[in-house]
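J.: In order, the protein sequence lines correspond to chains A and B. So the first sequence is numbered by this note's numbering: it starts at 12 and just counts up by one. So the second sequence is numbered by this note's numbering: it starts at -15 and just counts up by one.
These aren't lab readings, by the way, just hints derived from the structure by calculation. Quick reminder that beta carbons are idealized off the backbone N, C-alpha and C, glycines included. A portion of the hints provided could be inaccurate.
As the list claims (entries may be wrong) - Below, simulated DSS-like cross-link-like pairs (lysine-lysine); rule was C-alpha separation at most 25 angstroms, straight line: (1) B:K152 / A:K298; (2) B:K144 / B:K133; (3) B:K144 / A:K298.
Unchecked claim - Here are some, though not all, of the chain B residues that point toward chain A, as calculated from beta-carbon distances under 10 angstroms: (4) V147; (5) D158; (6) T161.
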Amino acid sequence: MKVAAIVIGAGHAGLAMSRCLSERSIDHVVIERGEIANSWRTERWNSLRLLTPNWQRRLPGCTYEGDDPHGFATMPEVIAFVERYARLIAPPVETHTRVTSVRRAEAGYFVATTRGDWQCRTVVLATGACNIACVPRLAEAVPAAIRTLTPMRYRHPGELEHGGVLVVGAAATGIQLASEIHRSGRPVTLAVGEHIRAPRTYRGRDIQWWMDAAGVLDQRYDEVDDIGRARRVPSLQLVGSPEHATIDLNALREIGVQLAGRLVGLSGGKAWFSGSLRNQCALSDLKLGRLLDAFDRWATDRGLDAELAAPHRFAPTVVDEKPPLSRDLAPRNIRTIIWASGYRPDLSWLEVPVLDRKGRIRHDGGIVDAPGMYLMGMPFLRRRKSALIDGAAADARDLSDHLASYLAG
Amino acid sequence: MTAPTTTAVNNGVNVEALIGAREALTKAPEAAQFRWRATCDWMNGTHSRATVSGFFGLGQDQKRKSEFRFDADHPEVFASEDLGATPVEYVLVGLGACLTAGIAAVAQYRNIQLRSVSATIEGAMDIQGILGIDGDVRNGFDAIRVSFKIDADATADEIKALVAQSQKRSAVFDIVTNPTNVTVEVV
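Take these sequences, add in the hints, and give me the full structure.
T.: See below:
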């Protein structure tokens, strides 16, 4: 079967691209391994809510019209939202069709799937940034008595054995899991490396309001000093909750979570941690201070100080005088290890030489280093918001423009 | 882009060369494989003399402008002759020097003029460990504390950020905070 464009993945990013291609009357098909919004259905823990408020759920031709613009959507609500969007735009989707390979072909690409093969001149990779949980190499040394799991498999604390839990990583996933697992009565040790502290609300407004209004989320990939670094920054330490709670390291420490440095080894029946926790926290506190300074300057420049609460600063992260350098593993303490150490895309089916030596796809703002190939939904792909639902619209417009001129060229 | 400054910041660090090296080594990671070397000869008692004269890097052996010598010994309270700093003090020297060099480089990159930087580095140790009195006490430091006094054209937070970034990129900070496999053999 031949088609001008194939979009791989029917999540919000793939659907946004489909909508933009339809607007340009570009003949295309969206291939989806499962159902629409598959990752949201099958790879998320039960309590997860979006980290962005409802008003920020914007896709091409669609804005939030519900009665809770400041709330945070649960996973069933996100799935319903993406399904509703699919009904609105009626994309040409082939569901339950898994792509097994994408190869160069005479005039474009050959896309093999479990339900037939396709030829296309252009292909859009919209399979997401979080297909595989990154597990550090030292996981090989975990003793057999310890259960390990990734956030892709974790659903709720009740499925964990009683006893100590080591959560490795303190980005959004790690702090959320640390919080709910510790509250379930399983004492948590949180291994903290580089992390980005962020309050849920500042001066009476949600952090995402500040990031959006002050233009931080619109910052382009070609405007930052070191885009490679910007793309690898961990996610903000945020949770979406009805209480608009902030769960930074101080909040976790207050409920009794034991903070430790980065996990650096497993040997002699112990987990070992780096002695760098104090500096990791100092770096993060200073970074937060600079962000809030920038917000305050922006608010003053815009004459918004009168309608916002007064500026203030958050207490520095409290670090124990002697953070633990090790923790006993089972049977004495830790029985479960959760790898909240980041995610990466699964591009194992991509047989086009576009990966760098670290396995990352080479691209310039989503225009992949292979003619007619595009990428969507990655951190800071074209803008700081590229990996958010709200980032898909602008990226899909830009990249569908490029794709259309490539087809015309 | 930052606006050009009227007086050029000069901490004596060639940042352009460092940025150039970073770019070059990104493209040629094999040239980034370095091996640092020292030799150490026993003199007498606890006194030894170490030398540093070359290393391997950028694909070949590199020679230093001169041979650097370091005498190490134990102090008189250990019934030694005190002919040099103790080995653990060399670790403190290495940490202080590494963080200080990092501060200068980061300050140059961030366009911050330094006027003075001084550090005191203190390692706490219970010597019951090395004396074999108590098997539960480790041999090495149980904590290291570094205290910087910095005079620079920058705010207090900017100075704190220099010190934090210097730790983040420091080799010796990494060596003392994280484990390393060590092989010692007799040839």
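J.: Decide, hint by hint, whether the structure agrees.
T.: A quick look at each hint next to the structure:
no.: 1; hint: B:K152 / A:K298; result: holds, 14 angstroms
no.: 2; hint: B:K144 / B:K133; result: holds, 11 angstroms
no.: 3; hint: B:K144 / A:K298; result: holds, 11 angstroms
no.: 4; hint: V147; result: holds, 8 angstroms
no.: 5; hint: D158; result: holds, 8 angstroms
no.: 6; hint: T161; result: holds, 4 angstroms
Hint check: no violations occur; every hint is consistent with the structure.
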